[in-house]
Amino acid sequence: MRRAFSSRWRLSAYHTQLVLLLAPFVVGTFLLIFVPMTITLALGFTEYDLFSPPRWNDFQNFKNWAADLLFQRALYNSAWFVLIAVPLRVLGALLLAMFLNRSGRAFGVGRAAIYLPTMIPEVAYALIWLLLLNPGFGAVNLLLNALGLPSVGWTLEPFPARVSVTVMWLFQLGEGFVLMLAALQLIPQDVLEVALLDGANRWQRFRYIILPFMVPALLLLTFRDVALSFQGVFVAGLLTTETGPYYTTYFLPHYVYDEAFGLFRYGYASATTSLVYVVTIAIVAGLFFAVRRWRRDDAFE
Amino acid sequence: MRLNNSRIPRSDEFIRTNRGTNKFVTTRAVGTLITYALLAIVIALFLFPLVWMFSYAVRSVNLPAPSQLEFFTPPLAFENFARLNEFFPLSQFALNSLRIVAFAVPLTLLTASWAGFAIAQLPPRARNFFLGMSIALMLVPALATWIPRFVLFAQLGWIDSILPVLAPAVMGTNPFFVILFYLAFRRVPREVYESAYLDGANALRIWWSIALPLARPALLAVAILAAAYYWSNYADALLYLRREINYTLPIGVQLLEKAQANNFPLMMAAAVIMVAPVLVLFLFVQPYFLQGKIAERWLK
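Going down the list, the protein sequences come from chains A and B.
Here the first sequence stands for residues 1 to 301, numbered as in my numbering.
Here the second sequence stands for residues 302 to 601, numbered as in my numbering.
Calculated from the structure, these hints are not laboratory results.
Idealized CB from N, CA, C, for every residue including glycine.
Keep in mind that the hints are not guaranteed to be accurate.
To be verified - Mimicking DMTMM-like on lysine to aspartate or glutamate, the simulated pairs with C-alpha atoms at most 25 Å apart in a straight line are:
{"hint": "1", "chain 1": "B", "residue 1": "Lys559", "chain 2": "A", "residue 2": "Glu242"}
{"hint": "2", "chain 1": "B", "residue 1": "Lys559", "chain 2": "A", "residue 2": "Asp258"}
{"hint": "3", "chain 1": "B", "residue 1": "Lys559", "chain 2": "B", "residue 2": "Glu545"}
{"hint": "4", "chain 1": "B", "residue 1": "Lys559", "chain 2": "B", "residue 2": "Glu380"}
{"hint": "5", "chain 1": "A", "residue 1": "Lys63", "chain 2": "A", "residue 2": "Asp258"}
{"hint": "6", "chain 1": "B", "residue 1": "Lys559", "chain 2": "A", "residue 2": "Glu157"}
Unchecked claim - Quick look at which bits of chain B chain A covers, simulated, 3 or more residues with Cβ under 8 Å:
{"hint": "7", "stretch": "347-353"}
{"hint": "8", "stretch": "450-456"}
{"hint": "9", "stretch": "469-480"}
{"hint": "10", "stretch": "527-536"}
{"hint": "11", "stretch": "548-559"}
Chain A on its own, in the form it takes in the complex (with noise of 0.2 Å):
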């Protein structure tokens, strides 16, 4: 029995069981995840119509990318989204945790309302923002009427058009929301009370105490916002704004989806792809190196 659950690796029948129940996930997450995502970064060094079998094209789809003002346009916007975006949730999450992590039913009211934004699917979300940013009478615009601003054309002009797909982005943050609630919660309140009783002020306390226990739940959100933001413009840029005006809302998901489910072009849309997740993995990759160097700078002070 000892051997059974010893921590040492032992394939007893016990073990064999665990096994068995683990396997839906790992065989699952194998063929859907793990080999699609080894099958794209392949695919992106040929050319695949799904109809003939793929063939090797002599790096032909990323030099293609040179030449291609479309996909130059689809990552530029996606990489001003995810810079703009990822660093603003993050810091939204942080101060709205930081705010509703008190007692009372009001608070309780807030950390409600806050997660509900994130739960609406996403295609009615797309259609409320679609409404609300209506140039003529939408909501944002009767609002900005009434404090006595002019109407801005929201889907109609680059700019604006790259600020609503943003603001809307903003608008559900719930899942970093609940995990910085999570995280400061587990924050030892002992020492923050040492903290006070010693005269910190509110910017130590935050320095000094809060900020380093936050960093690996900070670190995690970034991480999944990083990736999740590359994804999530997908519906708000092809429903809300559509392409948006000259092309400033069409991502690289979306572009993505044209190449590959419009024109057939799978090899040409894998390369895309990769290019996505390489620059998934170094935002990633960078911040991880940041923040350990940061740390360890921090322990000589």
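Based on these hints, arrange chain B on the given structure of chain A.
What follows is chain B alone, placed relative to chain A:
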């Protein structure tokens, strides 16, 4: 944080109050006022899109577009909901969506809880490997799987059936769900499982009669998140479903948007049909938010 409400006044603050200037008390009152004003703004901001949707869904299509902010303008037109089926068989699409939810959620609960249960009891090195794998998998953009999955399902002849849409349920839908179950099962003392094993129960039996009843909050949370996911899933339906008879509600709502481009009351009525079940699901999770003890429930 939570401390702010019941915080111990610093010594200098005591002195000021005792002198009778009452400065500490007044600054606190002003602070409270600002806090609640801010709270009201945050709540109004985050609820505004939903309120506007409900208000517009019952707006008569004969009314001119509003020229100022107005909510629930009479006469209320509940017939907007009845008219939804005029353009596309949206109730059929809703049934299709419900069918997918009905198959996918139980399957997800089964596989995700099995995986979480197994990972919680594996030796540390194997456990850390699978946890790391789950977190890494959460970073893979869905985009990277679209094309090969499509090719795979085309080879299997599954295109235009609900099978490709259901397939992720076999792997627990989302590695995050597996992690949630792992966190729940980890809280059960190992001795509980061990004694059940000594009494002759196998892993499946221990999972069903001991672990699952103890992990009810996780079960509920994953069921709700999975139901909302499959009910809302747009990208998979767009990729794999071809004939109108198989369409799901998100596809139908999008079709309605294309066909009735400026008929916003009707569009919002359709949005309400999409959002309503999710709001019902939300009623089940709202105690977590109202009580606010997320970490206590999940991570300890």
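**Q.** Indices of hints not satisfied (ascending)
**A.** none
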